[in-house]
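*Asks:* Each chain, letter by letter, is given below.
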Amino acid sequence: MDALITMFGWAGIYGPTALGAIGSIIGCARAGQAACGAMIDVESGYGRLVGLSALPSSQIIYGIVVMFTLNRPVSVEAAPGLFAIGILCGLALMFSAMFQGACCASAITASKTKPEIFGLSAAPAAIVEGFAVFAFIFALVIAGEIPGSASG
Amino acid sequence: MSYYTLIASLPHLPTHFDVERPPISRPRLNQRLKDLDEPDAEVVQQLANFLAWDRQTLDRSEQNVIDDYERLRQEIHHPIVLEIVDNRINIRTIVSALRRRRNAQDPPRGVGQLVQPIRDRWKEPQFGLQKRYPWIEPFEQCMLNGEAVAAERHLYEFTWRLYSRMADQFQFSFEAVLLYLARWSIVDRWTSRDREAGLARFDQLLEETLGEFARLDI
Numbered sequence: 001m002d003a004l005i006t007m008f009g010w011a012g013i014y015g016p017t018a019l020g021a022i023g024s025i026i027g028c029a030r031a032g033q034a035a036c037g038a039m040i041d042v043e044s045g046y047g048r049l050v051g052l053s054a055l056p057s058s059q060i061i062y063g064i065v066v067m068f069t070l071n072r073p074v075s076v077e078a079a080p081g082l083f084a085i086g087i088l089c090g091l092a093l094m095f096s097a098m099f100q101g102a103c104c105a106s107a108i109t110a111s112k113t114k115p116e117i118f119g120l121s122a123a124p125a126a127i128v129e130g131f132a133v134f135a136f137i138f139a140l141v142i143a144g145e146i147p148g149s150a151s152g
Numbered sequence: 001m002s003y004y005t006l007i008a009s010l011p012h013l014p015t016h017f018d019v020e021r022p023p024i025s026r027p028r029l030n031q032r033l034k035d036l037d038e039p040d041a042e043v044v045q046q047l048a049n050f051l052a053w054d055r056q057t058l059d060r061s062e063q064n065v066i067d068d069y070e071r072l073r074q075e076i077h078h079p080i081v082l083e084i085v086d087n088r089i090n091i092r093t094i095v096s097a098l099r100r101r102r103n104a105q106d107p108p109r110g111v112g113q114l115v116q117p118i119r120d121r122w123k124e125p126q127f128g129l130q131k132r133y134p135w136i137e138p139f140e141q142c143m144l145n146g147e148a149v150a151a152e153r154h155l156y157e158f159t160w161r162l163y164s165r166m167a168d169q170f171q172f173s174f175e176a177v178l179l180y181l182a183r184w185s186i187v188d189r190w191t192s193r194d195r196e197a198g199l200a201r202f203d204q205l206l207e208e209t210l211g212e213f214a215r216l217d218i
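First to last, the protein sequences are chains A and B. Sequential numbering of the first sequence, starting at 1, is according to my numbering. Sequential numbering of the second sequence, starting at 1, is according to my numbering.
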């Protein structure tokens, strides 16, 4: 039983990185595919299309930071907390990256015809990013309360 | 090619079909669709076949239309394509019924969901369909006044709005591609009216001038 609980603890530590990576992969792929399609249809401004398509990559970075914050010797006392925070934060990062990719793809298709709305069309993606930042910051805050941490 | 790439590569359709020319030419559109997977390409081909069939003149026999429709219904399985087909068949049925009533003929036999309701309410002003098809009244008025272009515009308006509403539900999916094609075909048909009328007039002039030699294949 202890081994199982310990395993969940490790899943919690590595979860934010793995789930954040999955989200970033899907999000960047979606937005990147849209950028490639838009490049067929426009004559200029390729760089900013590719730049926008890279926006969902931030979630994996947040995931790595959360992983390092949660990283500690995994005990039976610490494992449930590590699992809950790590997995929930990872899921939030994963979904935010996936849907941010869809927002970026929409922004790319909208702004290729009307380049003047490029900034505004990226606003929904930025708002989605904001929710990922909330999940990230509060995971860091609450990680200090897990038994086995410096303050816990 | 993913739907994200394909849809992003297609130029935006205008907000209304009444424009000078389609935003993308047919050869270029076909080129963009080339990279679809085989099952999707098959569905697109079915839609293209239907739209080409739908574009033919209405001078074919009823039995011919019924046979074609039955064959299409058996071949097509994609719900969006079926909806497009049914919508066009319903419009054809209503237009045919209005023409027949104007000419004091019997209700149409035909195919589709509206044949029986129209037969049941043959005497009513818009066959009792005005709520579902608000274009019938203005269309009939234009038809009675001999305003063919205005009548056609009412039909396209209705279909354009219907497809646009349907397209709002899809963004980067195969359904979005199908609805793009359906709307593009409306723009194409509307913008090529003058060209087709010009070609028909040219053929007529050629025939008047050259007689039977006009039909020789060279």
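Simulated from the structure, these hints should not be mistaken for lab results. No residue lacks a Cβ here, since even glycine has one placed at the ideal position from N, Cα and C. Some hints could be false.
[Stated by the list, open to error] Now the in silico label distances, taken between C-beta atoms and shown as ranges:
#, chain 1, residue 1, chain 2, residue 2, range
1, A, P115, B, E75, 40 to 46 Å
2, B, S192, A, G47, 33 to 39 Å
3, A, P80, B, A41, 49 to 55 Å
4, B, P27, A, I64, 36 to 42 Å
5, B, V19, A, A126, 49 to 55 Å
6, B, P27, A, T113, 20 to 26 Å
7, B, R161, A, I5, 57 to 63 Å
8, B, D37, A, I117, 50 to 56 Å
9, A, E116, B, Q116, 49 to 55 Å
10, A, G47, B, P23, 22 to 28 Å
11, A, V141, B, P79, 45 to 51 Å
*Asks:* Does each hint hold? Answer for all of them.
*Replies:* Results for each hint:
no.: 1; hint: P115(A) - E75(B): 40 to 46 Å; result: holds (43 Å)
no.: 2; hint: S192(B) - G47(A): 33 to 39 Å; result: holds (38 Å)
no.: 3; hint: P80(A) - A41(B): 49 to 55 Å; result: holds (52 Å)
no.: 4; hint: P27(B) - I64(A): 36 to 42 Å; result: violated (48 Å)
no.: 5; hint: V19(B) - A126(A): 49 to 55 Å; result: violated (34 Å)
no.: 6; hint: P27(B) - T113(A): 20 to 26 Å; result: holds (21 Å)
no.: 7; hint: R161(B) - I5(A): 57 to 63 Å; result: holds (59 Å)
no.: 8; hint: D37(B) - I117(A): 50 to 56 Å; result: violated (32 Å)
no.: 9; hint: E116(A) - Q116(B): 49 to 55 Å; result: holds (53 Å)
no.: 10; hint: G47(A) - P23(B): 22 to 28 Å; result: holds (24 Å)
no.: 11; hint: V141(A) - P79(B): 45 to 51 Å; result: holds (48 Å)
Checked against the numbered hints above, the structure violates hints 4, 5, 8; every other hint is satisfied.
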